[in-house]
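Novice: Sequence:
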Amino acid sequence: MRFLSRRLVMPNDLNYANSLFGGRALEWIDEEAAIWAICQLETNCLVTKHIGEISFESPAMQGDIVEFGLETKAVGRSSITVSCLVRNKATKKTICFADDIVFVKVDPDTRQPTAHGKTLEGLKAQTDDEVRRLNMNTEAE
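Under full-length UniProt numbering, the residue at position 24 of the sequence shown is numbered 24, and the numbers go up by one with no gaps.
To be clear, the hints were calculated from the coordinates, so they are not data collected in a lab.
Virtual Cβ for every residue (Gly too), placed ideally from N, Cα, C.
Do not take every clue at face value.
Unchecked claim - In the EDC-like style, the derived pairs of lysine to aspartate or glutamate whose C-alpha atoms are separated by at most 20 Å in a straight line are:
hint, residue 1, residue 2
1, K89, E31
2, K118, D100
3, K49, D13
4, K49, D109
5, K124, D107
6, K92, D64
7, K73, E121
8, K89, D13
9, K89, E57
10, K73, E31
11, K49, D99
12, K118, D129
13, K92, D109
Unchecked claim - Label-pair ranges, simulated between beta-carbon atoms:
hint, residue 1, residue 2, range
14, P11, A125, 38 to 48 Å
15, E57, R6, 15 to 25 Å
16, E57, L8, 14 to 24 Å
17, K49, G117, 17 to 27 Å
18, D99, I38, 11 to 21 Å
19, A17, M136, 38 to 48 Å
20, D107, A17, 36 to 46 Å
Input sequences plus hints: build the corresponding full structure.
Specialist: Listed below in structure tokens is the structure:
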């Protein structure tokens, strides 16, 4: 799982118990997972089709920095399935886990599913190449 994004829990993100509102966490998960899928499939013509099991494990409080871990679980002809783990940056304690988030590539005009031409093996190689390039760039600085 790769942790690539972080957010600061602000007052407007809180529920009546002064912890991160579950709806806000789900909004963030959908957005972060969509960005992951867009980068993986190299297209922004994706729609959220399904979000499977969601488990809230511990609260996030105002001022906490939360980070999002994402990984690709499966790749179909027109779909990609992603998992997202939200955890506290400082404590590494799991806040929320969303499994089986499915995005489908659609034709921008017809809105019908369309093949993306990617495979799980190809995406793993693509991600490994990106990580190697990033590591080379940071080592050179």
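Novice: Now look at each hint and say whether the structure bears it out.
Specialist: We went through each hint and held it up to the structure:
A hinted pair counts as satisfied when its Cα atoms are at most 20 Å apart, and K89 with E31 qualifies at roughly 19 Å. For the hint pairing K118 with D100, the CA-to-CA distance comes to about 18 Å; that is within 20 Å, so the pair holds. For the hint linking K49 to D13, the alpha-carbon distance of about 25 Å lies beyond 20 Å, and the restraint is violated. Between K49 and D109 the CA atoms are separated by roughly 18 Å; this keeps the pair inside 20 Å, and the hint holds.
With a C-alpha separation of about 25 Å, the suggested pair K124 and D107 falls outside the 20 Å cut-off, and the hint is violated. About 11 Å separates the Cα atoms of K92 and D64, which keeps this hinted pair within 20 Å; it holds. This hinted pair checks out: K73 and E121 have alpha carbons roughly 11 Å apart, not beyond 20 Å. With a C-alpha separation of about 17 Å, the suggested pairing of K89 with D13 holds against the 20 Å cut-off.
Restraint check for K89 and E57: the C-alpha separation of about 15 Å stays at or below 20 Å, so the hint holds. Taking the CA atoms of K73 and E31, the gap is about 17 Å. The hint holds against a cut of 20 Å. With a C-alpha separation of about 13 Å, the suggested pairing of K49 with D99 holds against the 20 Å cut-off. Only pairs whose Cα atoms come within 20 Å are accepted, and K118 paired with D129 is accepted, the gap being roughly 15 Å.
Of the supplied pair hints, the one linking K92 and D109 is violated, its CA atoms being roughly 43 Å apart against a limit of 20 Å. Taken as a hint, the range 38 to 48 Å holds for the pair P11 and A125, whose Cβ atoms sit roughly 43 Å apart. Distance hint check for E57 and R6: the Cβ-Cβ separation is about 18 Å, which falls inside the suggested range of 15 to 25 Å. Look at E57 against L8: about 20 Å separates their beta carbons, and that is inside 14 to 24 Å.
Range check, K49 to G117: about 18 Å between beta-carbon atoms, so the 17 to 27 Å window is met. Range check, D99 to I38: about 20 Å between beta-carbon atoms, so the 11 to 21 Å window is met. For A17 paired with M136, a C-beta distance near 46 Å keeps the hint of 38 to 48 Å intact. Checking the proposed 36 to 46 Å range against D107 and A17 shows it holds: the Cβ atoms sit about 44 Å from each other.
When held up to the earlier numbered hints, the structure conflicts with 3, 5, 13 and fits the remainder.
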